[in-house]
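Enquirer: Residue numbers (the UniProt record's numbering), protein chains in the order written: chain U, 1 to 217; chain R, 1 to 217; chain B, 1 to 217; chain Z, 1 to 217; chain Y, 1 to 217; chain G, 1 to 217.
Quick caveat, the hints were computed from the structure, so don't treat them as lab data.
Quantities reported herein were computed from a predicted structural model and do not represent experimental measurements.
Even for Gly, the Cβ is constructed at its ideal location relative to N, Cα and C.
Some hints here could point you the wrong way.
Listing some non-contacts, in silico: residues in chain R with all C-beta distances to chain G over 10 Å [what the hints assert, rightly or not]: (1) P101; (2) K143; (3) S189; (4) I195; (5) K199.
Derived DSS-like pairs (lysine-lysine); straight-line CA-CA distance at most 27 Å [said to hold, decoys possible]: (6) Z:K49 x U:K51; (7) Z:K49 x Y:K49; (8) R:K49 x B:K199; (9) Y:K162 x Y:K143; (10) Z:K143 x Z:K162; (11) B:K199 x Y:K142; (12) Z:K142 x R:K51; (13) G:K143 x Y:K143; (14) G:K162 x G:K143; (15) B:K162 x Y:K199; (16) G:K162 x B:K49; (17) Y:K142 x Y:K162; (18) G:K49 x B:K49; (19) G:K162 x Y:K143; (20) R:K199 x U:K143; (21) R:K162 x Z:K143; (22) U:K142 x B:K199; (23) U:K199 x R:K143; (24) Z:K51 x Y:K49; (25) B:K143 x R:K51.
With the C-beta cut set under 10 Å, the calculated list includes, among others, these residues of chain Z facing chain U [stated by the list, open to error]: (26) D36; (27) I41; (28) G45; (29) V47; (30) S213.
Protein chains: 6
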Amino acid sequence: MAASDYGLMVCMIIAISMAFFVSADPEMLQDVCVADLASNIRVNGFVCKAKISADDFFFGGLARPGLTNNTFGATATAASVLQIPGLNTLGVSMARIDYAPCGGLNPPHTHPRATEIVFVLEGELDVGFITTDNRLFSRTIKKGENFVFPRGLIHFQINNGKVPAAVIAGFGSQLPGTQRVADALFASSPPVENIVLAKGFQIGNEVVEQIRSRLSP
Amino acid sequence: MAASDYGLMVCMIIAISMAFFVSADPEMLQDVCVADLASNIRVNGFVCKAKISADDFFFGGLARPGLTNNTFGATATAASVLQIPGLNTLGVSMARIDYAPCGGLNPPHTHPRATEIVFVLEGELDVGFITTDNRLFSRTIKKGENFVFPRGLIHFQINNGKVPAAVIAGFGSQLPGTQRVADALFASSPPVENIVLAKGFQIGNEVVEQIRSRLSP
Amino acid sequence: MAASDYGLMVCMIIAISMAFFVSADPEMLQDVCVADLASNIRVNGFVCKAKISADDFFFGGLARPGLTNNTFGATATAASVLQIPGLNTLGVSMARIDYAPCGGLNPPHTHPRATEIVFVLEGELDVGFITTDNRLFSRTIKKGENFVFPRGLIHFQINNGKVPAAVIAGFGSQLPGTQRVADALFASSPPVENIVLAKGFQIGNEVVEQIRSRLSP
Amino acid sequence: MAASDYGLMVCMIIAISMAFFVSADPEMLQDVCVADLASNIRVNGFVCKAKISADDFFFGGLARPGLTNNTFGATATAASVLQIPGLNTLGVSMARIDYAPCGGLNPPHTHPRATEIVFVLEGELDVGFITTDNRLFSRTIKKGENFVFPRGLIHFQINNGKVPAAVIAGFGSQLPGTQRVADALFASSPPVENIVLAKGFQIGNEVVEQIRSRLSP
Amino acid sequence: MAASDYGLMVCMIIAISMAFFVSADPEMLQDVCVADLASNIRVNGFVCKAKISADDFFFGGLARPGLTNNTFGATATAASVLQIPGLNTLGVSMARIDYAPCGGLNPPHTHPRATEIVFVLEGELDVGFITTDNRLFSRTIKKGENFVFPRGLIHFQINNGKVPAAVIAGFGSQLPGTQRVADALFASSPPVENIVLAKGFQIGNEVVEQIRSRLSP
Amino acid sequence: MAASDYGLMVCMIIAISMAFFVSADPEMLQDVCVADLASNIRVNGFVCKAKISADDFFFGGLARPGLTNNTFGATATAASVLQIPGLNTLGVSMARIDYAPCGGLNPPHTHPRATEIVFVLEGELDVGFITTDNRLFSRTIKKGENFVFPRGLIHFQINNGKVPAAVIAGFGSQLPGTQRVADALFASSPPVENIVLAKGFQIGNEVVEQIRSRLSP
């Protein structure tokens, strides 16, 4: 490299560095990468927005119970990166789940990307998860108690008590994802072909159709 | 630190280094960590064994088709770290799946720890996976073709053809794990309580019991 | 490799596989690796214990408020892998923090290994974190609200209200670690030499000694 | 934060959330991030495209043998993220390698980003890898057998048999990369200076030039 | 999928592949992802630029000592991804730190994203780090010696010698970040409220104000 | 779970917690995991030792130049986890490389597990790396300058100057591993069969044997 090239390069490095350092908040990008939810560019996670504030790290949506007047008598309210853009790249999120009394059920589901740990806010729940060798780990948990559902394994919570129940859940992912087993198989769009479900669950086609009709949105 | 301490330390470092370098194969540990499947010590993955050979990286168990005379008409044979100890820490494994003609089904299941990519050895399969917003992605694949099942999502393969089918599957984990949805929920030990399954699938207790009786081992 | 070697190897693989499959719960290790807190062997995280139950995933210690009659008027109670061995390798944990009214302070600290997200159980808190370019992001949060403290950055919470406050915190690590800045610098064992603290905080030696005397355990 | 600001923020969060949820397939991004190979924006991996289908997870290019009428008598056909955009972020890929009889050679190379496991489709191969302490691990593998080449280590396969051979390879990366040692050193552009190669391989300049002339494209 | 769709798809795959392979340097993206520091798009790390050269992997800015005529008598010069764009995605960087004689201090700080290892170029330093249980690990290091500061822990270096000192530091991150404890707490913008600092360090408001006035930029 | 079981469990948790907390340095394990190089147990990395000191984070072995009176006229001295046990789990290490004048060569090699960044201590070097599409990136670097060699790619340094040269290298791994290409292929034990090398480098068997004889240890 000739001397003049070297000078040019040093000059360019300085120019680039200056251009970078005089922009709004370059170092900030390194500590946090607040999701720009409005961007058209999609990456693994989200691109970062340039201007951020404390409100990007705040959420007020878990303060009130979710409605439980639905098929299962339970509802989950997320506090993920979609609600708290500051969570982007930080690997953690929360949710609140509310359960109607006398059978409110968060039906069997998995989180493909995260372990879940719950803290019971109110009431009492029967909870369980199943490992890949088909062993069930279950117990009853009460107000103030914690239980863990390992990453990717099917699990559920049911409120067999007589009062409403609620939990705060912590997840080891900014967006853990939720796949409800019955909905995925019997209420997908387009539908899974009958033979897969009939043979997979060892039921007749009429039962397949019955489940479909009750779960479809 | 006094001069004598310094001398002592240097001496100890040399001694430790020598002790290390005269052991059997110290650098080997760094390139590979062959699973010591016989060890009583359990860690995330496996502890490494001291003496290794090329055979730790070899497996002959996928050469012949697995038997398909079972409930689902399909069987998976693993080539994971349990069969190939050299795979430990290396993040990849394989399996062979064989399907009987006219309905051989690898029933809906997830791999909690890996994406799967299949290559069709023989025959033709209808395959699909479902995303967390309940969309089904499915198609038919034939001999020599590939299809991908993303990590943690429910998926299945069925041989609707008239000849046997077989695939080689590659996984992005040394031990991807397999959770068959119906078995996990209806054939676990101890059993999941009926109300969770009845409400979760919107079926009666008698259907729950029927599925249980057919799936239990 | 001679034919007899091959036969021997196949035989050994079968023997090893059988030895493995007849042991207690081999597949379990893959879904979870419950910490054996009593083991003498120390690894990154913990070795796994052989016999596990649902109670390994349970903790009851966050149900009651922690005592706040200490120097800072606040106390943190952990629900980490040390309390819930089932959390080992799963990348998430919780804690409960209680704050006395009128100034209860969780003093400036970092978690070297995790982002923290809090949910306010009771009361109201002034919270903040500081980025590496010395910008403060702070606000008041109330019952039912969330706030995020990004990984590794100095942060704090103070209860400037007139009633006790409490939060449930979720962490993206099984053991996030906590380094209280003032304790680390002024109450370490052995002590940091005075000149580092005096020059680092631009204070006199007598102020250094004063802080030491008040913070030392 | 003033009450009006709070209302504004809640309103904005709702607006942003709605804007997000009415777009095509927001949750999909979380389960998969199908590579937009046509995008001008380059990141680590690929940006995700908005509209996806089952065909993004399909590839038909490994069905037929690759041509082996080249210098080495072998050819590798990739089924990586460049051919199957659905593999983006999923950490696995495949390839097919075909070998001419009587010396078809996949010459010594590394995959900087992945371990490789092969399954022999046809024929018989002599395979090996070398660890960083210069130990060779090699053996013969036949139809239906597997062998593992650990990440980053130099390895090769040669068909010393009298019929064509072929393998399906699985990789623990969406794009493992391949660096053929001889090509990298003797056929780079611009060329590596002679002294490095002559001294590095302890050969004369005329041998360096000879190798160059035979390997250059 | 109809035959014509299949043909179309194959055709599109070929077209896309060709479009990809005829572009400037497609495979390059996989080996390296040189930061495009001028891009408006911000991701976790940086987007990659299309045209790269050896100079993207070079930096000349650590050759000369940094000025030490400042408050602390020490200065750090970074060789991170901001100075060497080729470091993007590669997980390592360097810095040079210079210390004035007789008390030049790199004041207590953390690197939220990296462990640091130093090599002493000149002079002699007293160095230390503090673990989360408030234990100090410290010693004196001289020219040619190394010391390690584990990720996220508070640490410092001071030149108690009579000649200038300098180190080369290696970091396990492309941009480790630096949070100086005293600056973060006493010189942030906006300021941390007095009560947090007064109570946190057990000092009076007047000392808080005094520290502020001396540290503010 | 019966009430007595619950009491028992709480009692056991307390007992286990106490057993844990009264041991020597439990929290330490979380901040650092100093390698116990003398342990018989091998894991991915190293098991941690119980008693640690500042000297576990110190090394004095890079102070003096390594001898360069060998085949290549260069020598590398490592400061990896094998020399500095405190580096275990921390993802970074260093080395010093010395080069004789007039051709001292660190011959073409890869580090399978790390990117390398060098800082020139003395002299001047011609350096380069080759990407997987066989492009060479090279230049001359002088005292005080940095250059980067991306992970897994073949690279080299040669001292074409008239005075000795030396660099300090930083690596993004506690034990990067080094595979010298020529040694791996021509000086392995057992040897790579001639046909692989002859065909792979397009040379005759006599050249293969010549290289072998000069490189063998």
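Enquirer: Let me know if the C-beta of V47 of chain Z comes in closer than 10 Å to any C-beta of chain U, holds or violated.
Expert: 5 Å, holds
Enquirer: With the threshold set at 27 Å, check whether the alpha-carbon distance from K143 of chain Z to K162 of chain Z stays at or below it.
Expert: 14 Å, holds
Enquirer: Let's test the interface hint: is any C-beta of chain U closer than 10 Å to that of S213 of chain Z?
Expert: 29 Å, violated
Enquirer: Given the hinted pair K143 of chain B and K51 of chain R, is their Cα-Cα distance within 27 Å?
Expert: Violated. K143 of chain B to K51 of chain R sits at ~59 Å, over the 27 Å cutoff.
Enquirer: For the pair supplied as a hint, K49 of chain Z and K49 of chain Y, confirm whether the alpha-carbon distance does not exceed 27 Å.
Expert: 20 Å, holds
Enquirer: Taking 27 Å as the top limit, are the C-alpha atoms of K142 of chain Y and K162 of chain Y close enough?
Expert: 13 Å, holds
Enquirer: Does the structure keep K142 of chain U and K199 of chain B at a Cα separation of 27 Å or less?
Expert: 52 Å, violated
Enquirer: Taken at face value, is the distance from the CA of K143 of chain R to the CA of K199 of chain U at most 27 Å?
Expert: At roughly 24 Å apart (the allowed maximum being 27 Å), K143 of chain R and K199 of chain U satisfy the hint.
Enquirer: Take the C-alpha atoms of K199 of chain B and K142 of chain Y, compute the straight-line distance between them, and say whether it is at most 27 Å.
Expert: 22 Å, holds
Enquirer: Is the hinted pair K199 of chain R and K143 of chain U satisfied, with a Cα-Cα distance of at most 27 Å?
Expert: 24 Å, holds
Enquirer: A cut-off of 10 Å on Cβ-Cβ distance, and K143 of chain R was said to be off the interface with chain G. Does that hold?
Expert: 31 Å, holds
Enquirer: Taking the minimum C-beta separation from P101 of chain R to chain G, is that value above 10 Å?
Expert: It holds; P101 of chain R is separated from chain G by about 43 Å at its closest Cβ, greater than 10 Å.
In summary, the numbered hints that this structure violates are 8, 16, 22, 25 and 30.
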